[in-house]
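**Student:** Sequence:
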Amino acid sequence: MFWISTNFKQQFLDLSPTFFRGERFEAFLGVFAKPLQTLADTTLYQMQHDSTVIYLEKVLNEYFAISTYNPNSHIATRQIYIEDAPQAVKNYIYQPEETNPVYLGLVYLDREIALDQYHFIVKIPVSISFNEARLRALIDFYKLAGKRYLIETY
0 MFWISTNFKQ QFLDLSPTFF RGERFEAFLG VFAKPLQTLA DTTLYQMQHD STVIYLEKVL
60 NEYFAISTYN PNSHIATRQI YIEDAPQAVK NYIYQPEETN PVYLGLVYLD REIALDQYHF
120 IVKIPVSISF NEARLRALID FYKLAGKRYL IETY
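Under numbering that gives the first Met the number 0, the first residue of the sequence shown is numbered 0, with each subsequent residue one higher.
Treat the hints loosely; a few may be bogus.
[As the list claims (entries may be wrong)] The calculated BS3-like cross-link candidates involving lysine-lysine, where the alpha carbons are at most 30 Å apart (straight line), are:
no. : residue 1 : residue 2
1   : K122      : K142
2   : K8        : K33
3   : K122      : K57
4   : K33       : K57
5   : K57       : K146
6   : K122      : K146
7   : K57       : K142
FYI, nobody ran anything at the bench for these hints, they're computed from the structure.
Go ahead and model the full structure; you've got the sequences and the hints to work with.
**Tutor:** Shown next, in the form of structure tokens:
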């Protein structure tokens with residue numbers, strides 16, 4: 000799929016009458032074209048990135064403008080990365096009236112089961128200062144709904 004970025008200022012100039020084209024008119028069109036260009040570029044960038052781990056890592060590394068990061072060699076140059084959270088042991092549930100189960104890790108229904116686990120962990124270097132609210136907003140925009148995460152520094 001090809002992603003095409005439109006130059007709105009040039010397009011406005013091409014569509015304007017030739018007798019209007021001058022420096023002042025070009026600056027006047029630039030005032031209208033700049034917000035449209037910013038909106039189009041932001042939308043195009045958001046359309047190109049989704050919730051897969053490699054794209055989420057790329058977005059985070061580019062957001063913090065890490066100087067050593069190169070998207071062409073992502074694995075070697077990334078500073079912010081995502082790893083899977085350790086999964087808890089699965090507990091199987093049985094009724095107290097049932098005979099003693101042979102499987103290990105089974106619990107009664109009247110016990111409380113901890114469902115508070117994370118799906119992934121975002122690892123950020125200590126050298127990077129960040130606003131946690133903005134970072135969470137950025138991650139929440141790209142992650143899948145219902146996925147929980149933890150932010151850790153290393």
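**Student:** Each hint: holds or not?
**Tutor:** Taking the hints in turn, this is what the structure says about them:
no.: 1; hint: K122 / K142; verdict: holds, 15 Å
no.: 2; hint: K8 / K33; verdict: holds, 8 Å
no.: 3; hint: K122 / K57; verdict: holds, 13 Å
no.: 4; hint: K33 / K57; verdict: holds, 26 Å
no.: 5; hint: K57 / K146; verdict: holds, 19 Å
no.: 6; hint: K122 / K146; verdict: holds, 16 Å
no.: 7; hint: K57 / K142; verdict: holds, 13 Å
Taken one by one, the earlier hints all hold for this structure without exception.
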